[in-house]
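Quick note: to get the numbering used here, add 105 to the position in the sequence shown (first position is 1).
No wet-lab data here; the hints were simulated from the structure.
Virtual Cβ for every residue (Gly too), placed ideally from N, Cα, C.
It is possible that part of the hints are untrue.
[What the hints assert, rightly or not] With a cut-off of at most 20 Å between alpha-carbon atoms, the simulated SDA-like pairs for lysine to any residue come out as follows:
{"hint": "1", "residue 1": "K160", "residue 2": "Q301"}
{"hint": "2", "residue 1": "K295", "residue 2": "R147"}
{"hint": "3", "residue 1": "K312", "residue 2": "K280"}
{"hint": "4", "residue 1": "K140", "residue 2": "S232"}
{"hint": "5", "residue 1": "K292", "residue 2": "T311"}
{"hint": "6", "residue 1": "K292", "residue 2": "R142"}
{"hint": "7", "residue 1": "K280", "residue 2": "K292"}
{"hint": "8", "residue 1": "K295", "residue 2": "L306"}
{"hint": "9", "residue 1": "K160", "residue 2": "R142"}
{"hint": "10", "residue 1": "K297", "residue 2": "F164"}
{"hint": "11", "residue 1": "K295", "residue 2": "A168"}
{"hint": "12", "residue 1": "K295", "residue 2": "T311"}
{"hint": "13", "residue 1": "K292", "residue 2": "K312"}
{"hint": "14", "residue 1": "K160", "residue 2": "S136"}
{"hint": "15", "residue 1": "K213", "residue 2": "R147"}
{"hint": "16", "residue 1": "K297", "residue 2": "E196"}
{"hint": "17", "residue 1": "K160", "residue 2": "A269"}
{"hint": "18", "residue 1": "K140", "residue 2": "S220"}
{"hint": "19", "residue 1": "K297", "residue 2": "K312"}
{"hint": "20", "residue 1": "K143", "residue 2": "H170"}
{"hint": "21", "residue 1": "K160", "residue 2": "V302"}
[Said to hold, decoys possible] Derived CB-CB ranges, DEER-like:
{"hint": "22", "residue 1": "L293", "residue 2": "A168", "range": "12 to 20 Å"}
{"hint": "23", "residue 1": "T216", "residue 2": "Q257", "range": "27 to 35 Å"}
{"hint": "24", "residue 1": "E196", "residue 2": "L294", "range": "17 to 25 Å"}
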Amino acid sequence: RNAMPRVKSSRNSPSKSPAPQGRAGVVRIISGQWKGRKLPVRDVEGLRPTTDRVKETIFNWLAPHVRGTRCLDLFAGSGGLGLEALSRYAEQVTLIEMDRGAADQLKKNLTTLGSSQGQVIQADAVSWLQGPATPFDLVFLDPPFRRELLPQVCELLEQRGWLASDALIYLEREKEMADLTLPASWKLLKDKQAGQVCYQLYLRDTKHDAAV
106 RNAMPRVKSS RNSPSKSPAP QGRAGVVRII SGQWKGRKLP VRDVEGLRPT
156 TDRVKETIFN WLAPHVRGTR CLDLFAGSGG LGLEALSRYA EQVTLIEMDR
206 GAADQLKKNL TTLGSSQGQV IQADAVSWLQ GPATPFDLVF LDPPFRRELL
256 PQVCELLEQR GWLASDALIY LEREKEMADL TLPASWKLLK DKQAGQVCYQ
306 LYLRDTKHDA AV
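Can you build the whole structure from these sequences, using the hints too?
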């Protein structure tokens with residue numbers, strides 16, 4: 106989750122190859138008020154929602170921290186992460202998605218769920234982060250792979266006031282991105298790998314930095 110349509114296929118297969126039938130057709134909410142609900146996903150080439158297995162691990166990590174938080178799903182795609190947070194009683198979730206068709210589907214899914222606490226913005230993530238900021242408690246970063254978006258996005262989040270002082274940041278990246286430089290205040294809490302994908306949870310620890 107820039108000037109090109111969001112396609113997540115580059116993380117697992119060449120972008121010219123169509124996604125397997127049924128892989129990107131629905132997103133399932135695992136737990137919370139909409140547990141078990143399946144929602145349609147727009148057929149954007151190569152878009153692959155975060156797998157249920159990985160999503161379950163993420164939200165096990167986040168279990169004590171989602172309720173009542175303001176969340177940002179910066180490269181929303183299917184909305185699997187942002188909608189899961191809403192189901193688990195996040196106070197408000199902002200979903201940023203550049204592809205118009207995918208963004209329209211997210212809006213329809215929020216209507217289907219009857220939720221007024223989710224906001225979908227169809228925008229380029231990097232451009233949007235350069236606008237007026239309000240701090241978020243929880244941020245999901247799952248951008249298209251191999252487009253070098255994470256360094257710039259992480260810097261903008263940190264420098265332009267998008268993060269609460271103790272914000273949690275979930276980050277998903279390709280395994281081979283070994284030299285990613287993150288803000289000094291981001292402390293790694295969890296780190297796991299599934300195939301060629303690394304997924305991590307960070308805490309923004311500004312109090313520690315101030316003490317040092």
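Within a Cα-Cα threshold of 20 Å, do K280 and K292 meet the stated pairing?
-> Holds, at about 19 Å.
When you check the alpha-carbon spacing of K160 and S136, does it fall within 20 Å?
-> Distance of about 11 Å is within 20 Å: holds.
Are the Cα positions of K292 and K312 separated by 20 Å at most?
-> 12 Å, holds
Take a look at whether the Cβ-Cβ distance between T216 and Q257 falls inside 27 to 35 Å.
-> Holds - the Cβ-Cβ distance for T216 and Q257, about 33 Å, lies within 27 to 35 Å.
For the pair supplied as a hint, K312 and K280, confirm whether the alpha-carbon distance does not exceed 20 Å.
-> 30 Å, violated
Go ahead and decide if the range 12 to 20 Å is satisfied by the Cβ distance of L293 to A168.
-> 19 Å, holds
For the pair supplied as a hint, K295 and A168, is the alpha-carbon distance within the 20 Å limit?
-> Within the cut-off at roughly 13 Å; holds.
Would the pair K160 and A269 pass a check requiring their Cα atoms to be no farther apart than 20 Å?
-> 23 Å, violated
20 Å limit on alpha-carbon distance, applied to hinted pair K140 and S220 = Holds, because 14 Å separates the two Cα atoms, which is no more than 20 Å.
Using the Cβ atoms, figure out if E196 sits within 17 to 25 Å of L294.
-> 22 Å, holds
Decide if the proposed pair is consistent with the structure: K292 and R142, CA atoms, cutoff 20 Å inclusive.
-> 34 Å, violated
Within a Cα-Cα threshold of 20 Å, do K295 and T311 meet the stated pairing?
-> 18 Å, holds
The structure is inconsistent with the numbered hints 2, 3, 4, 6, 16, 17, 19, 20, although it conforms to all the rest.
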